[in-house]
Amino acid sequence: MPTVQFTSHLKAFFKLPESMDVIGTSVREVLDQLEIQFPGLMSYVCDERGALRPHVHIFLNQAVIVDRDHLSDLVHESDRLFILQALSGG
Amino acid sequence: MAPETLLLGTRKGLFIYQKTGEGWVKHSQHFLGIPVSVATRDPKTGLLWASLDHGHWGHHLHVSPDLGATWREIPVPTYPEDAEYKPGKPATLEKIWSLLPSAHHSGRMYIGTAPGGLFYTDDEGASYHLFQALWDQPSRQTEWFAGGEDSVGPVIHSVIEHPNNRDHLYVGISCAGVFETQDGGATWLPKNKGLIANFMPDPHCEIGHDPHCLVMCQSSPNVLWQQNHCGIFHSNDGGANWIHIVPTNSVAGFGFPICVDPNDPDTAWVVPAISDECRIAVDGALCASRTTDGGKTWVDYRNGLPQSDCFDIVFRQCLAQSGNDLAFGSTTGNVFVSDDRGENWSCLTNCLPPVYSIQFA
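In the order they appear, the protein sequences are chains A and B.
Be aware that the first sequence starts at 1343, since it is given in the numbering used here, and climbs by one per residue.
Be aware that the second sequence starts at 13, since it is given in the numbering used here, and climbs by one per residue.
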């Protein structure tokens, strides 16, 4: 199963582990599974249309995902996803 | 009787103060590190609402039945799937700017948002209703535009409910102006006659105004006041006609907040600033200006406020009044209180984060 890691910022809102294995063959499927385990998480990562929020990034291995609107990037068994936010603000 | 309570939404959390025999003392702090755009307490239910602007993580609402001892996150309003704030630009909730508990409908909360949607909920966020006819205003996509902070869409920052008519509402929108409904939201009409928009091609346009803050006198609901981008305006006829108030012997004029005495339609307060490109305190000194004669004369009250090297500005929701008490908070984290109707001030704190909202509760 793909492995997901989270920025520490998200751990302020949800009791997330350092990393976890999640079933899914696309970024969308992985996030849907996370929402089941952590209700409300999706509303922090995505807007009400399901698109990634502007200052949230998801890395698929070493590269940011391509499809920020529909999260259709394919995910394989050995892949690692990292959810983080832009390093901006004050 | 519960002690008077002051809710301070700031860039780094919600701070609650209460008035005791020793004066105002800090009660508690909440959501440290997270911007709180506005907080209010519904007097009917006692429920405390806080609007959190997580920035990267979106906007979220929390409620507390016990003045912050416990909190519960509730859903936020969402725009319809096909809603666009401009052609080709999907509307998603950008920010919650105003929370108004209904005086008529128990448990109802009106919620003004960017990019231009007004919502209400009767069930603490389990379901929301968009005021569709306001959203469907023909002028919205062509004549409304962004105003306020770094918003991409229009901002509904002021929501007013008529004290004697549950179907009668006003909203203040930056930038569009004032709109009124008298039929519960089925129809809305612009109420901007007499306003000036000197930043527009036509300063006397019907729509395109920037009412920084809109308030109503609750005992004389035909009397409305607004601190507008282009000055202070007053209406004696429910917004049908606005009169430009030009204070003399006062620095009042430009600014963001305004409040009116709920028992005296002729008494109002503002906190002036330099217009408009600079946006700091006038002449490096803070004052609160008050009229008691419907805007004919104003007095700038300075006692207890910094009078040199002062660069504070006070945002639109950062001035509040309750009886003889007034309070305002600034972008510099200063909070000042008065217990004599704004004539003398004392500093509550110099050390808060930038203040985004103040309400007595």
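Since the hints were derived computationally from the structure, they do not count as laboratory data.
It should be emphasised that the depicted structure is a prediction, and the values quoted were computed from it without experimental measurement.
We put the beta carbon where it would ideally sit given N, CA and C, even for glycine.
It is possible that some hints are incorrect.
What the hints assert, rightly or not - Straight-line alpha carbon distances no greater than 27 Å define the calculated DSSO-like cross-link-like pairs of lysine-lysine that follow:
#1 B:Lys38 - B:Lys24
#2 A:Lys1357 - B:Lys24
#3 B:Lys56 - B:Lys31
#4 B:Lys38 - B:Lys56
#5 B:Lys24 - A:Lys1353
#6 B:Lys205 - B:Lys38
To be verified - Computed Cβ-Cβ distance ranges for the label pairs, DEER-style:
#7 B:Asp134 - A:His1351: 45 to 55 Å
#8 A:His1351 - B:Ser151: 58 to 68 Å
#9 A:His1351 - B:Lys101: 26 to 36 Å
#10 B:Ser320 - A:Lys1353: 18 to 28 Å
Comparing the hints with the structure gives:
1. Simply put, Lys38 of chain B and Lys24 of chain B have alpha-carbon atoms about 16 Å apart, close enough for the 27 Å limit, and the pair holds.
2. Distance restraint check for Lys1357 of chain A and Lys24 of chain B: the Cα-Cα separation of roughly 22 Å lies within the 27 Å cut-off, and the hinted pair is therefore satisfied.
3. Simply put, Lys56 of chain B and Lys31 of chain B have alpha-carbon atoms about 21 Å apart, close enough for the 27 Å limit, and the pair holds.
4. Distance hint between Lys38 of chain B and Lys56 of chain B is fulfilled; the C-alpha atoms sit about 24 Å from each other, no more than 27 Å.
5. Among the hinted pairs, Lys24 of chain B with Lys1353 of chain A is consistent with the structure: their alpha-carbon atoms are about 18 Å apart, no more than 27 Å.
6. Between Lys205 of chain B and Lys38 of chain B the alpha-carbon distance is near 44 Å, which puts this suggested pair outside the 27 Å criterion.
7. The hinted window of 45 to 55 Å between Asp134 of chain B and His1351 of chain A is violated, with their beta carbons roughly 33 Å apart.
8. At about 40 Å, the CB distance of His1351 of chain A to Ser151 of chain B disagrees with the hint of 58 to 68 Å.
9. Between His1351 of chain A and Lys101 of chain B the Cβ separation comes to about 28 Å, which falls inside the hinted range of 26 to 36 Å.
10. A C-beta distance of roughly 45 Å is found between Ser320 of chain B and Lys1353 of chain A, which places it outside the suggested range of 18 to 28 Å.
In this structure, the hints that do not hold are numbers 6, 7, 8, 10, in rising order.
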